[in-house]
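With chain A fixed as given, assemble chain B onto it according to the hints.
These are the residues of each chain, in order.
2 protein chains.
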Amino acid sequence: MSRAILFSFKKNNFKFFISKKNFSSTSEASVTFVGLGNMGLPMAQNLIKTGAKVSGFDFNQSNVDTLIKSGGTRYDTFQSAIENSEILITMLPNANAVKNVWDDAAKYAKKNSVFIDSSTISPIDAQNLAKANESNGYICADAPVSGGVMGATKATLSFMIGTKKDNFELIKKILTPMGKNFFYCGENSSGQIAKICNNLCLGITMAGLSESLALGVKLGIDSKVLSEIMGVSSGRCWSLDTYNPIPNVMENVPSSRNYENGFSMELMTKDINIALECAKKIELDLELSNKTQEHYEKIKEKGFKNKDFSFVYQYILNNKKI
Amino acid sequence: MSRAILFSFKKNNFKFFISKKNFSSTSEASVTFVGLGNMGLPMAQNLIKTGAKVSGFDFNQSNVDTLIKSGGTRYDTFQSAIENSEILITMLPNANAVKNVWDDAAKYAKKNSVFIDSSTISPIDAQNLAKANESNGYICADAPVSGGVMGATKATLSFMIGTKKDNFELIKKILTPMGKNFFYCGENSSGQIAKICNNLCLGITMAGLSESLALGVKLGIDSKVLSEIMGVSSGRCWSLDTYNPIPNVMENVPSSRNYENGFSMELMTKDINIALECAKKIELDLELSNKTQEHYEKIKEKGFKNKDFSFVYQYILNNKKI
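So the sequence lines, in the order shown, correspond to chains A and B.
Per numbering that gives the first Met the number 0, the first sequence starts with residue 0, numbered consecutively.
Per numbering that gives the first Met the number 0, the second sequence starts with residue 0, numbered consecutively.
In short, the hints are calculated from the structure, not lab data.
The hints are all genuine.
Here are the computed distance ranges between Cβ atoms for each label pair:
id, chain 1, residue 1, chain 2, residue 2, range
1, A, Gly230, B, Gln60, 35 to 45 Å
2, A, Pro92, B, Glu168, 54 to 64 Å
3, A, Glu265, B, Glu259, 35 to 45 Å
4, A, Lys130, B, Ile321, 33 to 43 Å
5, A, Thr76, B, Asp240, 41 to 51 Å
6, B, Asp240, A, Asn251, 19 to 29 Å
7, B, Ile321, A, Glu276, 21 to 31 Å
8, A, Thr155, B, Asn135, 56 to 66 Å
9, B, Gly136, A, Asn251, 43 to 53 Å
10, B, Lys320, A, Glu168, 37 to 47 Å
11, B, Lys301, A, Lys301, 34 to 44 Å
12, B, Asp240, A, Arg256, 20 to 30 Å
All values derive from a computational prediction rather than experimental measurement.
Heads up, the beta-carbon is just placed ideally off N, CA and C, and yes, glycines get one too.
Isolated chain A, as found in the complex (with noise of 0.2 Å):
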């Protein structure tokens, strides 16, 4: 189906055109882009730079409106949107908007659209919804994110890119104005599940590298030189040698700015929950997920939702009285 679909690529403008019997004429593609939040706008915004027609949609009316400072185009449905784009790109919260989005924007697509879904949900609800989709006619990817805000206002995202293995160029090429790196993990759910395995070890190798460390420090040995040794030991993690979660050990990282402006908990709680919620649909038991997420929980109850995860050496140092 994607070799239906012919790019041109301008000098640096990102343009391309579509020609397919489906479609009337050869015109210039259009993209619906879903959720402006902190990711999504930069995001849409990255690909307004790079020549394409980017109308958005947000609950937060401000947000819509910046986009269209940015170069956005303005329709005053939903429905219309969808009718003059050939490309739908959501960005939100769960599983759930996604769906409610994708459903609609199935009433009014042509055939051959690109759906790509770059929120974090679960791969078995991006299973559905591609399965539902592609039946539908519509080219689906499931192609979630990791870099931050920072990655998305830089463009340069990492994504995770669930699809059939024909469409994966076509929406790499969709994607490239908004990242640097784009991995091909399989079929479609394949993204999502690259991307809940990658950041349950990562919530789970933080918190097991904080209590190795806060054992250390306790114990009298310096924090740098520790920190160090292990990174060229097999202790080695990227927790470690890149997000050191003890102050002042590195710079640059949230630990040393009182974990602010972070990869919060309440972000990785809720990858870790998606993560626990597939391991319990296939009967998998994960105990050390689980008490890596009670951990998180009892941080994030205590009133520290918007810290960094890193935040947990603090939790294990003080023997959890934070």
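Okay, now just chain B, sitting in the frame of chain A:
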């Protein structure tokens, strides 16, 4: 103190000469090496290869004989070996064994002799041993290793060294024929702290990673694809990118040879146990560490004590039914 000891390197020969008022004359220094197991024997042999005079002791007499065949020096008693050497190196299974040997050596050793323990023992025990023996006039260091039997054989071990700062260069020179990396961790016991913190983190990371990978594989993503993506994402860790627990994702790792000839469950539980005992003594609650240890202990109980610790992946993948 260490500056009183002079070294001379002749080509590849490792010879050192001691000149100190406590010693009768300048003479070639010699080493008493206690604990000639899988690690200790090749370490002592590497010392001999580079020119040191080494006498070895072990409960297993055939290992002592092997060392003598490799050029080791024979003494009929431990007392005479100690009386004729300036350096004691221990590589033993536990702190009690080390304490017995050091206590015995302290009866006969010349003042300013060097006592190095390369066993993995509790930092608290290491601290006590150092205190007692430094006050008796000995130069003490804890210098546990990483790199396993392969590293011991090839003289590529990493030594994590805890000793007075002034003694570090001396200790490093003594250990040089047996290793490649020499980390100064801080005052006495810091080497042991670094070692157990690293191995605790390794143990948790492997178990947590295994939960993430098992979830991904069960949900249907290709294990190599998932490993590759996580290896360049925030879930990256040594257990994933250097020691992957899924069979045939990487070559030359225990998981690809039926989890044989690796870092055994027995050794991993021993190291985590040291960490947990320390944590208990300083009243630090490490819940993930405890949960991880439970996993490894259960696997051991099921008859897999000699399997590599990455076998925890199979334990989790099969919902503990192994």
